[in-house]
Amino acid sequence: MNNKILFFALVLVAGAVVFFWPSDEKKIRDGLDSLAEYCSSAKEEPVIETLQKAALAAKLCTDPCTVHFESLEIDRAFSQKELTDRFLMMKKRLTDTVFNFHDTAVEIVGDDRAEVLTTLRINGQIVDKQFTDAYEINITVEKQDDGWRFGSFTVVEFMKR
Amino acid sequence: MVPSSSLRRFFLPTLNKRYFIRLALVAFASYLVFGYLFIPLCIQGVSMEPTYRDRTYAFSWRLRYIFAPMERFDVVTVRYSGRRVMLLKRIVALPGETVEFRKGFLYVDGKPIDEPYVHHRAAWELPPRTVAPGHVYVVGDNRGTPMDRHQFGETPMNRIVGGVFP
Chain A
406 MNNKILFFAL VLVAGAVVFF WPSDEKKIRD GLDSLAEYCS SAKEEPVIET
456 LQKAALAAKL CTDPCTVHFE SLEIDRAFSQ KELTDRFLMM KKRLTDTVFN
506 FHDTAVEIVG DDRAEVLTTL RINGQIVDKQ FTDAYEINIT VEKQDDGWRF
556 GSFTVVEFMK R
Chain B
21 MVPSSSLRRF FLPTLNKRYF IRLALVAFAS YLVFGYLFIP LCIQGVSMEP
71 TYRDRTYAFS WRLRYIFAPM ERFDVVTVRY SGRRVMLLKR IVALPGETVE
121 FRKGFLYVDG KPIDEPYVHH RAAWELPPRT VAPGHVYVVG DNRGTPMDRH
171 QFGETPMNRI VGGVFP
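Chains as they are written, first to last, in my numbering: chain A, 406 to 566; chain B, 21 to 186.
Don't read these hints as lab results, they were simulated from the structure.
From the three backbone atoms N, C-alpha and C, an ideal C-beta is built for every residue, glycine too.
Take these hints with a grain of salt, some might be off.
What the hints assert, rightly or not - Ranges between beta-carbon positions, derived for each pair:
#1 B:Tyr-137 to A:Val-416: 50 to 58 Å
#2 A:Glu-450 to B:Gly-116: 22 to 30 Å
#3 B:Leu-83 to A:Thr-537: 23 to 31 Å
#4 A:His-507 to B:Leu-83: 18 to 26 Å
Unchecked claim - Dumping the calculated EDC-like pairs for lysine to aspartate or glutamate here, alpha-carbon to alpha-carbon at most 20 Å:
#5 A:Lys-432 to A:Glu-547
#6 A:Lys-565 to B:Glu-174
#7 A:Lys-534 to B:Glu-69
#8 A:Lys-565 to B:Glu-120
#9 A:Lys-565 to B:Asp-129
#10 A:Lys-486 to A:Asp-551
#11 A:Lys-534 to B:Asp-168
#12 A:Lys-565 to B:Glu-145
#13 A:Lys-565 to B:Asp-168
#14 A:Lys-534 to B:Asp-74
What the hints assert, rightly or not - Far from chain B, some chain A residues (derived; all Cβ distances over 10 Å):
#15 Ile-410
#16 Phe-412
#17 Leu-415
#18 Ala-419
#19 Glu-449
#20 Lys-464
#21 Leu-522
#22 Val-532
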């Protein structure tokens with residue numbers, strides 16, 4: 406009986422080690438969670454917090470960072486400063502909004518590069534109206550001295566009018 | 021009349037090996053059924069109103085198109101990068117058909133299509149386009165919103181996760 410308990414305890418510990426081990430994939434997923442948190446806005450968020458979050462969100466990206474969004478005719482590189490401004494504009498427009506990444510697949514394609522396919526879901530309010538939106542996004546992630554940074558975002562538009 | 025001993029066994033089971041095996045089997049079967057075959061949906065948004073209202077529930081039945089082809093008017097779930105977030109839409113045109121909107125009315129191959137499920141119509145205008153092989157044309161039932169704020173169009177069939185129940 407004691408052997409069985411010991412065996413299950415060892416299996417549990419091994420599982421926990423594998424689950425919590427700080428792999429590159431886990432670091433990238435943590436980066437996505439941070440990006441979602443910084444982009445989200447609480448109702449009546451203090452201005453200083455909004456500014457901090459916008460700057461922190463931009464810092465998770467490379468300088469410059471490329472964005473491709475065909476239907477909005479966006480296809481260019483954004484500097485860190487531009488990204489901060491864009492995040493700030495977005496957060497001011499989307500108050501009381503929650504960003505979440507779901508169904509995330511991370512593929513490490515080299516020592517310092519990874520590809521991420523994920524779904525961004527946005528739930529919130531825009532001009533006092535409830536809205537829900539979702540986008541499939543292809544993200545390239547680059548390993549830099551201070552960790553993994555998002556290098557490009559491409560919105561996958563699988564529904565063509 | 022259910023014997024009281026059966027009721028007692030049901031609500032206060034003996035925690036023996038057999039019970040835990042049964043529990044594990046039920047959990048595994050639930051995971052398979054509700055994770056892969058009959059996926060619960062929490063509907064958010066108004067794009068399928070009035071057929072499916074905001075904050076209501078339904079299921080995505082994944083085996084719907086294993087033995088039967090997709091047909092016009094089927095309500096389907098369309099996946100993004102996975103099955104956690106999906107779009108709920110109605111198929112209005114099949115591969116090779118030409119689809120267009122004139123003053124909010126749907127035309128397929130130049131003929132008007134009766135859509136009793138559409139209650140509100142904005143004056144959508146969309147020039148004719150032919151659905152590519154391996155694709156279907158999907159639209160939501162709520163046509164009361166401006167066209168540029170409604171997500172619809174031609175989507176690959178491999179994006180269709182399944183039918184919707186009920």
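Hint-by-hint comparison with the structure:
1. Checked against the hint of 50 to 58 Å, the C-beta distance between Tyr-137 of chain B and Val-416 of chain A comes to roughly 52 Å, which is consistent with it.
2. Look at Glu-450 of chain A against Gly-116 of chain B: about 51 Å separates their beta carbons, and that is not inside 22 to 30 Å.
3. A C-beta distance of roughly 27 Å is found between Leu-83 of chain B and Thr-537 of chain A, which places it inside the suggested range of 23 to 31 Å.
4. Separation of His-507 of chain A from Leu-83 of chain B is about 23 Å and conforms to the stated range, judged on CB atoms against 18 to 26 Å.
5. Among the hinted pairs, Lys-432 of chain A with Glu-547 of chain A is consistent with the structure: their alpha-carbon atoms are about 12 Å apart, no more than 20 Å.
6. Between Lys-565 of chain A and Glu-174 of chain B the alpha-carbon distance is near 5 Å, which keeps this suggested pair within the 20 Å criterion.
7. At roughly 17 Å between alpha-carbon atoms, Lys-534 of chain A and Glu-69 of chain B fall within 20 Å of each other, so this suggested pair holds.
8. For a cut-off of 20 Å, the pair hint linking Lys-565 of chain A to Glu-120 of chain B stands: about 13 Å separates their Cα positions.
9. Between the alpha carbons of Lys-565 of chain A and Asp-129 of chain B the distance comes to roughly 18 Å, so the proposed pair stays at or under 20 Å and holds.
10. Restraint check for Lys-486 of chain A and Asp-551 of chain A: satisfied, since their Cα atoms lie roughly 19 Å apart, inside the 20 Å limit.
11. For a cut-off of 20 Å, the pair hint linking Lys-534 of chain A to Asp-168 of chain B stands: about 17 Å separates their Cα positions.
12. With a CA separation close to 15 Å, the supplied pair Lys-565 of chain A and Glu-145 of chain B stays within the 20 Å bound.
13. With a CA separation close to 12 Å, the supplied pair Lys-565 of chain A and Asp-168 of chain B stays within the 20 Å bound.
14. The suggested pairing of Lys-534 of chain A with Asp-74 of chain B holds, with an alpha-carbon distance near 13 Å, which does not exceed 20 Å.
15. Against the 10 Å criterion, Ile-410 of chain A stays outside the reach of chain B, whose nearest CB is about 15 Å from its own CB.
16. With a closest Cβ-Cβ approach of about 16 Å to chain B, Phe-412 of chain A is found to remain outside the 10 Å limit, as its non-interface label requires.
17. For Leu-415 of chain A, the non-interface assignment is confirmed: its Cβ lies about 20 Å from the closest Cβ of chain B, beyond the 10 Å cut-off.
18. Every Cβ of chain B is farther than 10 Å from the Cβ of Ala-419 of chain A; the closest lies at roughly 20 Å, confirming the non-interface assignment.
19. Every C-beta of chain B lies more than 10 Å from that of Glu-449 of chain A, the closest at about 24 Å, which supports listing it as non-interface.
20. Listed as outside the interface, Lys-464 of chain A is consistent with that label: its C-beta sits roughly 25 Å from the nearest C-beta of chain B, beyond the 10 Å cut-off.
21. With a minimum CB-CB distance of about 5 Å to chain B, Leu-522 of chain A fails to clear the 10 Å threshold, and the non-interface call is violated.
22. Every CB of chain B lies more than 10 Å from the CB of Val-532 of chain A, the least distance being 13 Å, so the non-interface label holds.
Consistency with the previously given hints fails for numbers 2, 21, ordered from lowest to highest.
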